[in-house]
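Novice: So you can see what is in the structure, the chains are spelled out below.
2 protein chains.
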Amino acid sequence: MRTVFWEDNQLKMIDQRILPGRFEVLSYKDHRSVAQAITDMVVRGAPAIGAAAGFGLALAGFESASSSTEGLLADLQTASATLKASRPTAVNLAWAVDRIMGKVSSLSGGSGATEVEADVIRNFVLEEAQRIADEDVEINKRMAEHGAKLIDDGDTLIHHCNTGALATVDWGTALGVIRTAHEQGKKIHVLVDETRPRLQGARLTAWELEQYGISYEIISDNTAGYFLKAGKVQKCFVGSDRTAANGDVANKIGTYMLALAAHDNGVPFYPVVPTSTIDLSLAHGDLIPIEERNPQEVLGLEFMGERVAPQNAKARNIAFDVTPNRLVTGIVTENGVVYPPFEVNLKKAVLGE
Amino acid sequence: MRTVFWEDNQLKMIDQRILPGRFEVLSYKDHRSVAQAITDMVVRGAPAIGAAAGFGLALAGFESASSSTEGLLADLQTASATLKASRPTAVNLAWAVDRIMGKVSSLSGGSGATEVEADVIRNFVLEEAQRIADEDVEINKRMAEHGAKLIDDGDTLIHHCNTGALATVDWGTALGVIRTAHEQGKKIHVLVDETRPRLQGARLTAWELEQYGISYEIISDNTAGYFLKAGKVQKCFVGSDRTAANGDVANKIGTYMLALAAHDNGVPFYPVVPTSTIDLSLAHGDLIPIEERNPQEVLGLEFMGERVAPQNAKARNIAFDVTPNRLVTGIVTENGVVYPPFEVNLKKAVLGE
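Sequence order for the protein chains is U and S. For the first sequence, my numbering begins at 49 and goes up steadily by one. For the second sequence, my numbering begins at 49 and goes up steadily by one.
Since the hints were made in silico from the structure, they are not lab data. Some clues are possibly wrong.
Given that identical chains are not distinguished, each listed pair holds provided it fits within a single copy or across any two copies.
Said to hold, decoys possible - Distance condition first, Cα-Cα at most 16 angstroms in a straight line; then the derived EDC-like pairs of lysine to aspartate or glutamate: (1) K235 / E183; (2) K234 / E111; (3) K395 / D327; (4) K362 / E265; (5) K235 / D78; (6) K235 / E165; (7) K235 / E118; (8) K151 / E265.
Based on the sequences and whatever the hints tell you, model everything.
Specialist: Here's what the structure looks like:
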C-alpha cells in the first residue's frame, strides 16, 4: 500500500500521527481538509506532502461547481494558495501545485482562455497528480540505486527523522537508499535518531525498519555525537525538505547538529534529495522559510504516565534547520550523486545539463 | 531545603524522579538503599551524589555492629566499594568516599590500628560527610560569583541537563552561575535543553527556573543548533560529571553536540566544575568510564498517552559523552575561571599552585 493514493474518487492517506500504535487509512473528499491534514501532519515528509497536495488540487477541481473553464481555473488558483500555505518549509508542496497549474495553464491556452472544457481540465489535474505520485516512486528507486553504492557491507549508519515509504509515496529517500542496500544483501545496522519533538524516528522509521527486517537501535538525538566520536558509524543519511542552489540543506530540526558531529569525526554525510526538493531560486539556505510549530509538541511529552514539563512552562518548537553545504559530503539525487562545488553541480543535476 | 541532608539520624533526599509533578522527600537508613537510590537516580548530579555517598558511608558506620575499630573499618571499606559502584562516570562519588576514608585512616593511625574508639570514627564519618555537604554549597556560591562575571545584561544562554540546587547540595553549578547573574539584576533568558532521555532539563531545570523567576523556554536538544546559528545565543553553560586533566569534559549526553554547535558559531562554551569533579589522574577524556543505562529510559516515552516506539524496538542509552577541550572556552571553578592551556592551568586551579 502506498502512503498517499487515489481510490474511489478520494485521496487516501495513512494516518502517520498514530503509528506505530495503530494503523489507519483516512479518506479526504475536499482540498481544505487535505490542507489541514498536511498542517496537522497526518501526512508528512516532503515528497509525500507534494503528492498529497497534487491530489488535493484534483479534489478542488471536482469540488468546483463552475461549468466554465474560467471559473474552474479561478477555483483551482484559490485552492492552490490554500494548499501551498499548509506548511512553509518543504518546497515540494509548491513544486507539485505549480507543476500542475503550469500544465493546466498551457492546456487551456493561458489564463481566461476557454478552448478546453472544464471537465477535461478536472481530469487532467487528477492525471497529473497521479503522474507526480507514480514518478515519486520511480525517482525514489533511482535515488536508492545511486545511494546504495555508497554503503558498504558491515556499515553502521545514522538516520535522522523518517524518510521512508511513509515520507514519500512509496519506498523512501534516505531510508529508501538504506532499504535498497539491505535488499542487495549488505549487512547494515541503523542507529535511528528518535527525532524530537515529534519522534518520527522512534515512531515511524523504527516501525518501517522492523517491517523490512533491517537491524536497528533507537538513540536519543543527542547520542549521535557519542557514536560518531567513538568511531562506530560509517555514514549518515538524511532527507531534505528544501535544498538551496548552493547545497545548503533544510531538513528536520537536529540535522545541522548531526552534520556537525559527522564532520568533526570525518564521517560522510549524505542528504538524499529528489530534484523536486531542490530550489534553484534560492541562492543559499538562509533564504529558506523555517516553520515554527505549536510548543505543545515539545511540552506534551509524558514519561511513565506523567507529564514531563512544569504546567506553566513555555517552549519553542522550530521544525527545521539548515545544514550549510560545507558539512555535506554529497547529495544523492535521482540523476546521481552530486559532489561539491554544489553551486555548479546541483544545477546540472536538476536541469540535466 | 537542601537536596541532600541529614536529619533524625537519616539521610533525606528530594525524589528527583517525580518532579515537577510531585515533591517528595525520601528517607534512608542504610547505605545499600542509598547506593540503590543513586543508581535509580532518586538523586543525580555529580556534586549531589558525592554528598549522598558521604552520608551513605555515615549510615554504614552506624549500621556496623562491630565494637572494634578494626571491624568497623572493614565494614566501612565494604560499604565504600558498594557506594562507589553505584554509578561509574561522576568522579565525585569516589572523591567523597575516598576523602572520608583517607581521613578516617589518618585518624585511626592506618589500617588495623585501634588507637581510636569505633564510635569516635562513626561520628567522624558523619561530621566529614556534613563538611562535604556544607562545603559544596559554599563552593557553588564561589563558582557562581566567578561565573556570573561572564554573563552580560541581556544575554540569552543555553543550558543542558540540570545543574541547579537539585544537582548539588544547594545552589548549583552552571545553573548556580545563571541564578547569581539573575540575582545581580542582569536580565537573562535561558533556552533549556530538555535533555533526552531522562529530560532533566524539561523536568528539573524548568522547575527550578520557574521558582527563581528566571525567564526561560524549553527546547528539544536538537534545536540548540538552530538558535546558535541564528545568532540568538550569547553563551552556553553546562556542568560536568568528570573533567580530565587536559580539560576534556564528561557530561550528560548531548553536551558534545552542543559544544560543537557553539564552537561552529563562535559562542563561548563554559563548563562549571567544582575542583572535586576534576580528575587529575586521567590524562584525557577518553579514559573516563561512560555509563550505559537501561534502554527503557529511551523507549518508555509516551506522547499524547501513547507509547512512542514499536513494542519490540531496541535502543541504546549512553548517559554521558566527552567534549574535547578544543571546544571549551573556559572552565569555571571555585578558584576562578580557568582558560587554556588546560593541561597546565587546571592543575594549578585544583592544587592551588
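Novice: Checking K362 and E265: alpha-carbon separation at most 16 angstroms within a copy, between copies, both or neither?
Specialist: Close across copies (5 angstroms), not inside one copy (31 angstroms); limit 16 angstroms.
Novice: At most 16 angstroms between alpha carbons: which applies to K234 and E111, within, between, both or neither?
Specialist: neither (49 angstroms within a copy, 58 angstroms between copies)
Novice: Please work out whether the CA atoms of K395 and D327 approach to 16 angstroms or closer within one copy, between two copies, in both situations, or in neither?
Specialist: within (10 angstroms within a copy, 53 angstroms between copies)
Novice: Since the copies are identical, ignore which copy is meant and state whether K235 and E118 lie within 16 angstroms (CA to CA) inside a copy, between copies, both or neither.
Specialist: Intra 57 angstroms, inter 59 angstroms, cutoff 16 angstroms: neither.
Novice: Under a CA distance limit of 16 angstroms, which applies to K235 and D78: within one copy, between copies, both, or neither?
Specialist: Answer is neither; intra-copy 45 angstroms and inter-copy 50 angstroms both fail.
Novice: Within a copy, between copies, both or neither: which one fits K235 and E183 at a CA-CA cutoff of 16 angstroms?
Specialist: Answer is neither: 29 angstroms inside a copy and 54 angstroms across each miss the 16 angstroms cutoff.
Novice: How would you label the pair K235, E165 (within, between, both, or neither) given a Cα cut-off of 16 angstroms?
Specialist: Answer is neither: 55 angstroms inside a copy and 65 angstroms across each miss the 16 angstroms cutoff.
Novice: Please sort K151 with E265 into within, between, both or neither, judging by C-alpha distance up to 16 angstroms.
Specialist: Cα proximity of K151 and E265: none, with 45 angstroms in one copy and 46 angstroms across.
Checked against the numbered hints above, the structure violates hints 1, 2, 5, 6, 7 and 8; every other hint is satisfied.
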